[in-house]
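Just so you know, the sequences run in chain order U and R.
No gaps in the numbering here: position 4 of the first sequence is 4 in the working numbering, and each next residue is one more.
Quick note, the working numbering runs 118 ahead of the 1-based positions in the second sequence.
Simulated from the structure, these hints should not be mistaken for lab results.
Predicted model only: the values in this text are computed from it and were never measured.
All C-beta atoms, glycine included, are put in the ideal place defined by N, C-alpha and C.
Treat the hints with care, as some may be off.
[Unchecked claim] Below, a list of computed lysine-lysine pairs in the BS3-like style, where the Cα atoms sit at most 30 Å apart:
hint	chain 1	residue 1	chain 2	residue 2
1	R	LYS207	R	LYS181
2	R	LYS207	U	LYS4
3	U	LYS89	R	LYS122
4	U	LYS63	R	LYS122
5	R	LYS221	R	LYS207
6	U	LYS89	U	LYS4
7	U	LYS103	U	LYS89
8	U	LYS4	R	LYS181
9	U	LYS63	U	LYS4
10	R	LYS221	R	LYS181
11	R	LYS221	R	LYS122
12	U	LYS89	R	LYS207
13	U	LYS89	U	LYS63
14	R	LYS181	R	LYS122
[Said to hold, decoys possible] Now the stretches of chain U that chain R is said to cover, found in silico as 3 or more residues with beta-carbon under 8 Å:
hint	region
15	37 to 49
16	60 to 69
17	80 to 93
18	103 to 111
[Claimed, not checked] Not the full set, but computed from the structure, chain U residues with beta-carbon under 10 Å of chain R:
hint	residue
19	SER3
20	LYS4
21	ILE7
22	CYS72
23	ALA73
24	GLY74
25	ASN75
26	ALA76
27	VAL77
28	GLU114
29	ASN115
Number of protein chains: 2
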Amino acid sequence: MDSKDKIAVVERYVEAFDTADVGIIRDIYADNAVVEDPVGSEPHRGLDAICTFYEGAIGAGAKLVLTGTARCAGNAVAFPFQVIMPGMKLDVIDVFEFDDSGKINSMKAYWGPENAGE
Amino acid sequence: MDSKDKIAVVERYVEAFDTADVGIIRDIYADNAVVEDPVGSEPHRGLDAICTFYEGAIGAGAKLVLTGTARCAGNAVAFPFQVIMPGMKLDVIDVFEFDDSGKINSMKAYWGPENAGE
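Bound conformation, chain U alone (with noise of 0.2 Å):
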C-alpha cells in the first residue's frame, strides 16, 4: 500500500468529521476492525460497534485538525491531530494499520487527560 494511499484514507478520516458522514468511516474500517480509543480502554470490535462509537464523537460535533505530517511506515500510519469540540480541544496521536485491501483492521488512539485544554 503506497504512501500516498495511506495519507488518502487520513484525509478521509478527517472528512468523516468535517461532513458528519459515519458512510466513511464504513467505508474505510474492516470488518472485523478493532478500535482502541484510547489505548488501555475497552477496544470496539467489528465494524457496527466502531460506527456507533464514531456516531457518538461525530453526532457531538467533534472536528479534526491535523498538527503534523502523516508518517507512513510498514503497513500502518501515525498522525498527530487535535480533536476540537465546544468548549474542549485534545491532541492525539492515533495510528491506523491496514490490510491487503487497503482497509484499516486496526486503530489505536494515543490520548490522556494531560492532552486536553480548552
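Fit chain R to the supplied structure of chain U, relying on the hints for placement.
Only chain R this time, still in chain U's reference frame:
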C-alpha cells in the same frame, strides 16, 4: 505507571541525543526490549543490539526536537518529534510501551521517505 513518569522517560530520551549519552538509552530500555525503527524494518532485539543501533544515530550527530505534546495512554506514550541531522530533518512519531518496572519494552518509530526534508 503515571503519565509524569512516562513523560520523564521521553525527556531523558531527548537528553540522550542532546548529550550523546548512550548510557541513558541503556537505562531506560528493558533487557529484552524490541525496537522497530522504522515500523516494517527488521527489529533490534535486546539491550546490546538496541544500544549499538542508537550509538549509530547518536554518533551521527542526530538531535531530537519534540513537535507536540506527549500522549500517554494505557502502558504507552506516543510523541511527535523531528530528528535534526546535518543537512536533514525527519518528522517521526515514536510509540514506547513500558513494562511493570517502568522500562521501555517496545519502541516503534513511524516515519517514511515522505517525512524527510532539509
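### Those earlier numbered hints the structure runs against, lowest number first
none
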